[in-house]
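Protein chains in written order, with the numbering used here: chain A, 4 to 261; chain B, 4 to 261; chain C, 4 to 261; chain D, 4 to 261; chain E, 4 to 261.
Errors might be hidden in some of the hints.
Identical copies go unnamed one by one, so any copy, or any two together, can satisfy a pair.
[To be verified] Once the Cα atoms are required to be at most 30 Å apart in a straight line, the calculated DSSO-like pairs of lysine-lysine come out as:
#	residue 1	residue 2
1	Lys60	Lys243
2	Lys60	Lys73
3	Lys112	Lys146
4	Lys60	Lys112
5	Lys112	Lys73
6	Lys112	Lys243
7	Lys60	Lys146
8	Lys154	Lys112
9	Lys243	Lys154
10	Lys146	Lys73
Worth flagging that the hints you see were computed from the coordinates, not collected in a lab.
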Amino acid sequence: MDLATVIGSVLAWILMVAAILVGGSSLLAFVDPPSVVVVIGGSIAVIMVAYPFANLKTLPSVMMNTVFAKPSEPGVLIETLVEFAEVARRDGILSLENAAADVDNEFIKRGVQMAVDGTDPELIETIMEAELENVILRHQAAKGILDGVGKYAPAMGMIGTLIGLVAMLANMDDPSSIGAGMAVALLTTLYGALIANLVFLPMADKLALRSSEEVLMKTIVIQGVMAIQSGDNPRIVEQKLQTFLPPNARAAADEEAA
Amino acid sequence: MDLATVIGSVLAWILMVAAILVGGSSLLAFVDPPSVVVVIGGSIAVIMVAYPFANLKTLPSVMMNTVFAKPSEPGVLIETLVEFAEVARRDGILSLENAAADVDNEFIKRGVQMAVDGTDPELIETIMEAELENVILRHQAAKGILDGVGKYAPAMGMIGTLIGLVAMLANMDDPSSIGAGMAVALLTTLYGALIANLVFLPMADKLALRSSEEVLMKTIVIQGVMAIQSGDNPRIVEQKLQTFLPPNARAAADEEAA
Amino acid sequence: MDLATVIGSVLAWILMVAAILVGGSSLLAFVDPPSVVVVIGGSIAVIMVAYPFANLKTLPSVMMNTVFAKPSEPGVLIETLVEFAEVARRDGILSLENAAADVDNEFIKRGVQMAVDGTDPELIETIMEAELENVILRHQAAKGILDGVGKYAPAMGMIGTLIGLVAMLANMDDPSSIGAGMAVALLTTLYGALIANLVFLPMADKLALRSSEEVLMKTIVIQGVMAIQSGDNPRIVEQKLQTFLPPNARAAADEEAA
Amino acid sequence: MDLATVIGSVLAWILMVAAILVGGSSLLAFVDPPSVVVVIGGSIAVIMVAYPFANLKTLPSVMMNTVFAKPSEPGVLIETLVEFAEVARRDGILSLENAAADVDNEFIKRGVQMAVDGTDPELIETIMEAELENVILRHQAAKGILDGVGKYAPAMGMIGTLIGLVAMLANMDDPSSIGAGMAVALLTTLYGALIANLVFLPMADKLALRSSEEVLMKTIVIQGVMAIQSGDNPRIVEQKLQTFLPPNARAAADEEAA
Amino acid sequence: MDLATVIGSVLAWILMVAAILVGGSSLLAFVDPPSVVVVIGGSIAVIMVAYPFANLKTLPSVMMNTVFAKPSEPGVLIETLVEFAEVARRDGILSLENAAADVDNEFIKRGVQMAVDGTDPELIETIMEAELENVILRHQAAKGILDGVGKYAPAMGMIGTLIGLVAMLANMDDPSSIGAGMAVALLTTLYGALIANLVFLPMADKLALRSSEEVLMKTIVIQGVMAIQSGDNPRIVEQKLQTFLPPNARAAADEEAA
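Work the whole structure out from these sequences, hints included.
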């Protein structure tokens with residue numbers, strides 16, 4: 004689980020609530036159901052226009068993944084692949100069938116299975132890269148929606164504020180109510196800014212980073228499976244795959260290996 | 004029909020109207036014909052300057068397509084193409100003439116027809132890719148216009164507000180009318196924001212996604228027709244085309260096939 | 004002539020004037036010569052700093068071209084080129100000398116003339132592509148300036164408004180004059196927005212589209228001349244060139260040919 | 004000297020001063036030394052954080068160059084190179100030694116000298132292209148700083164205005180001083196906008212254009228020196244180099260040559 | 004140490020404080036602990052959501068590096084590499100073992116060590132380029148976070164101001180407190196602007212430049228080590244590596260060498 008995301012999210016909202024309470028206002032002054040409906044309802048409606056259901060459906064699982072998925076350690080991944088390369092070299096590639104079945108990582112499992120089945124190497128690569136490509140596309144689609152909410156929520160906030168201002172200015176019989184009217188009008192802008200900057204834009208940033216991590220993992224796996232399939236020397240496989248690690252991680256892996 | 008677009012569009016406007024009514028204003032306070040003319044008329048005029056008639060003419064049909072076109076299922080598409088590959092392999096490519104005539108998809112039909120006619124494979128590919136390229140260009144042109152309205156409508160709104168403010172400030176004889184004057188002045192900004200954010204910008208986002216879906220479909224068809232034309236093994240054709248599908252869709256297709 | 008540009012431009016300004024008059028103000032309240040000088044004069048001065056005279060000199064002709072140039076019909080262009088290919092095949096390439104002299108299109112004329120003169124095919128292509136490259140650069144330079152005015156005019160408007168506000172606030176002896184002072188101060192912002200959004204930004208958009216049209220035309224001509232020069236079969240030339248057309252235009256051309 | 008830059012710069016400031024005086028204010032109302040210090044001093048301080056001294060040191064000479072450098076005429080450049088090609092063909096490449104010494108253009112001189120010295124052609128090209136690359140990098144660095152000032156100066160202006168507003172609002176004992184306080188607060192925003200839009204952003208635009216001109220020149224010289232070195236026919240050299248000129252310049256060059 | 008960064012940072016804050024004091028306010032009017040908590044705490048919380056801990060952990064060291072790292076002189080670097088090339092040519096590559104041990108630069112040391120160990124040249128290049136790639140990625144990640152703070156801090160400032168305004172407007176019983184309330188509300192916007200423009204955005208700019216410098220250094224080292232490994236003539240190595248220097252640095256290096 005990505006603790007930073009959870010802690011950061013909770014902390015951000017606590018700070019906002021604290022800022023309100025410390026300022027001496029009651030939280031109630033900041034809750035206006037119609038404003039909530041305009042900004043959140045309006046954003047949802049517009050997002051439905053902007054993105055197909057198919058993409059919207061995958062959004063929650065992608066977001067959950069971003070927060071809760073335990074990213075594989077590239078070092079562990081490389082170890083597994085090097086181990087497989089050793090087994091394949093020693094006992095033949097068919098002996099990998101059982102070993103692969105025990106692996107957690109679905110992507111390695113499918114890749115090794117194809118190698119065991121004697122699938123044409125080029126086809127293995129095409130299929131694995133197509134899957135990598137699909138992951139990238141799915142992440143881009145999800146990031147597009149998160150960025151979309153980050154763009155449309157503030158716009159809905161501004162529209163709500165304009166509606167509030169026009170309503171207030173149009174019947175300004177009682178000057179003493181101007182303050183309250185403007186306060187309510189500004190709430191939608193505040194809601195829009197909170198939704199965009201406390202939730203969706205940072206989630207989009209995090210997703211982009213998670214996506215590049217997953218691309219790195221899958222690239223390592225593809226390289227590893229291809230090397231195993233062609234029966235490369237396990238030492239060479241290790242050296243090749245370790246070039247994907249940052250230098251300090253590489254040093255650590257070396258020590259461990261020593 | 005893309006229900007999400009229709010529901011989202013209707014919902015967004017209902018929410019805006021509800022926000023006004025709940026706030027205790029009458030809808031009439033939000034309707035000012037001259038403001039409508041400045042924002043909508045001004046946007047149309049500027050769009051005429053910015054984009055050639057030829058492109059503007061195709062806009063409605065592209066937008067209708069975005070909303071109402073039933074996107075082909077890539078799985079079904081692949082099935083059809085694999086079936087054709089089987090027929091072509093079993094009975095010769097000429098036997099596809101009748102089968103192709105029954106297909107809904109114009110792009111497959113034309114491609115298979117060229118293969119049946121014995122057109123040079125390279126020319127088939129050039130012609131089909133040129134058509135794909137043209138679809139991309141047409142969609143880009145339409146998206147450009149939608150984005151253009153999303154850019155110019157708020158600008159017209161701001162211009163209208165500036166005109167309203169200057170008019171109000173220039174003859175401020177009656178201070179009690181200031182509120183009403185400002186309310187009217189703000190209406191154009193509100194209109195511009197509504198037009199851009201509730202209609203044109205989300206439609207542009209949706210069009211971009213629809214366009215990439217159509218590119219995917221047409222790419223699958225081109226690959227499929229080329230494979231049929233060269234008499235590839237239907238199993239290989241299937242494996243190749245399925246790499247274009249997301250992994251879950253691929254699994255589904257496999258089960259179905261099994 | 005590009006009627007849409009002319010109609011759109013005139014319509015936009017009529018709407019703005021109408022909006023002022025309908026609002027009950029006199030047009031005079033919107034004319035302030037010093038504000039005009041700050042925004043227009045300031046923009047011109049800054050544009051002189053930002054762009055070399057050489058580029059500024061070509062701007063009017065490029066803008067005139069954008070509005071008044073009759074774009075060649077790609078279909079007609081292709082017909083001409085196919086006709087030339089037929090003549091060249093039937094009577095030899097030298098017989099094109101007279102035919103080429105009658106063509107309106109300078110670019111075809113020069114290209115065919117080089118082919119007739121027996122210039123080295125590679126050199127013909129280099130020269131024609133260099134010319135195409137030059138057209139692209141000239142259009143980009145002009146678009147850069149139009150975008151530049153679209154960027155600097157609003158900035159000048161904001162500067163003018165700031166100057167007006169500071170002046171008004173600094174000597175606020177007579178509170179009754181505040182309204183009039185603010186009205187004048189806002190005028191420069193209005194001018195900047197009008198100049199950018201009613202003239203220069205839409206012209207920049209149109210120019211970009213015209214430029215891509217001209218690139219298409221010149222690309223067709225280059226391909227055609229190269230094919231004529233190498234004595235290709237006119238039918239093949241036609242098929243090749245038609246891949247540059249949108250499918251419906253292609254169908255029309257086919258029917259016409261039939 | 005680039006007159007347009009000088010005239011434009013002077014004109015822009017004259018117009019701003021005139022706008023103030025015509026508005027009936029004294030210039031003194033627009034001069035506030037602390038505001039000048041915040042915006043200009045703050046921008047300089049931030050620019051020191053953002054860019055290394057090494058780059059800042061070269062900025063003045065690059066800016067001076069932008070304004071005062073006499074750009075070489077590409078036509079004249081080509082003439083010189085063609086002449087050299089003739090001499091080299093007629094009297095051998097060694098005879099260029101003296102001719103090259105008389106040329107103003109340092110880049111041609113160094114290139115020809117290397118050719119005369121019998122340096123390996125590949126190395127000549129590498130060295131000359133490295134120099135071209137360095138010019139591009141130096142210009143990009145300078146443009147980055149100019150754009151940086153265009154970004155940070157308005158930010159410093161806004162910060163100054165916020166400081167002024169907070170100070171004014173915090174001790175609002177004397178309502179009659181509000182106007183004057185706001186006027187001073189707005190001055191920093193005005194200064195930031197003037198510095199960015201009247202000086203640094205247009206200079207950055209001009210520098211980008213000058214840079215692309217110099218790249219064109221240096222590219223022509225590289226092509227020319229390589230052609231001279233390999234003893235190409237002077238006519239061919241001319242035709243090749245002229246493809247870098249715009250068509251009208253090409254026509255002029257031809258007439259002159261005739 | 005990068006003095007410019009330190010001096011610029013200190014100077015910028017001194018100027019801001021001076022601007023406050025000169026304006027006659029007390030610094031206390033500009034310190035509001037809840038506002039500090041909202042902007043700084045909120046930014047930290049959001050940054051935790053947006054970026055993984057792994058990246059945040061490396062940020063301080065990357066920032067320290069940006070300020071305190073003494074950048075290698077490319078000229079000195081080239082000298083060292085040329086020297087090594089001479090030693091390798093004269094006494095064989097094994098004799099470099101001791102020389103390399105004395106070098107400060109870790110990257111040269113590792114590269115030469117691999118050459119001495121007789122590692123396969125292709126593998127040396129792959130490993131060194133992977134390390135270069137990792138440096139680029141680490142810098143991009145750090146720059147992404149700095150830019151992220153530069154984006155979220157002003158957003159938090161705006162959110163704080165909106166909260167302050169709503170609180171103030173909602174209980175406007177005492178009109179005399181409006182000024183003070185607005186002053187406090189504006190403080191968060193001021194804080195956000197200061198944090199972004201005085202610290203994080205300029206640091207991001209500087210980091211980008213430092214990163215490109217380090218890429219240049221590492222590229223020179225890679226080229227040099229590869230040349231040493233293949234036993235190139237030291238003169239040729241020098242000429243090749245000097246093409247990475249700006250012309251004036253090159254001249255200086257030549258003189259020194261002479």
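For Lys146 and Lys73, with the copy left unspecified, which applies at a CA distance of at most 30 Å: within, between, both, or neither? both (19 Å within a copy, 25 Å between copies)
Given a CA cutoff of 30 Å, do Lys112 and Lys243 count as a within-copy pair, a between-copy pair, both, or neither? For Lys112 and Lys243, both the intra-copy (21 Å) and inter-copy (21 Å) Cα distances are at most 30 Å.
Could you place Lys112 and Lys146 in one of the four classes (within, between, both, neither) given a Cα distance threshold of 30 Å? So Lys112 and Lys146 pass the 30 Å test inside one copy only (28 Å; across, 36 Å).
At most 30 Å between C-alpha atoms: does Lys60 with Lys243 qualify within a copy, between copies, both, or neither? between (39 Å within a copy, 27 Å between copies)
Copy assignment of Lys112 with Lys73, given that the CA separation must stay at most 30 Å: Result: close within a single copy only, 18 Å intra versus 37 Å inter.
Using 30 Å as the alpha-carbon threshold, which applies to Lys154 and Lys112: within, between, both, or neither? Intra 40 Å, inter 41 Å, cutoff 30 Å: neither.
Can you tell me if Lys60 and Lys112 fall within 30 Å by alpha carbon in one copy, between copies, both or neither? within (27 Å within a copy, 33 Å between copies)
With identical chains treated as interchangeable, where does the CA-CA distance between Lys243 and Lys154 reach 30 Å or less: within a copy, between copies, both, or neither? Classified as neither; 42 Å inside a copy, 38 Å across copies.
Alpha-carbon proximity context of Lys60 and Lys146, limit 30 Å: So Lys60 and Lys146 pass the 30 Å test inside a copy (13 Å) and across (24 Å) alike.
Within a copy, between copies, both or neither: which one fits Lys60 and Lys73 at a CA-CA cutoff of 30 Å? both (22 Å within a copy, 18 Å between copies)
The structure shown violates the earlier hints numbered 8, 9.
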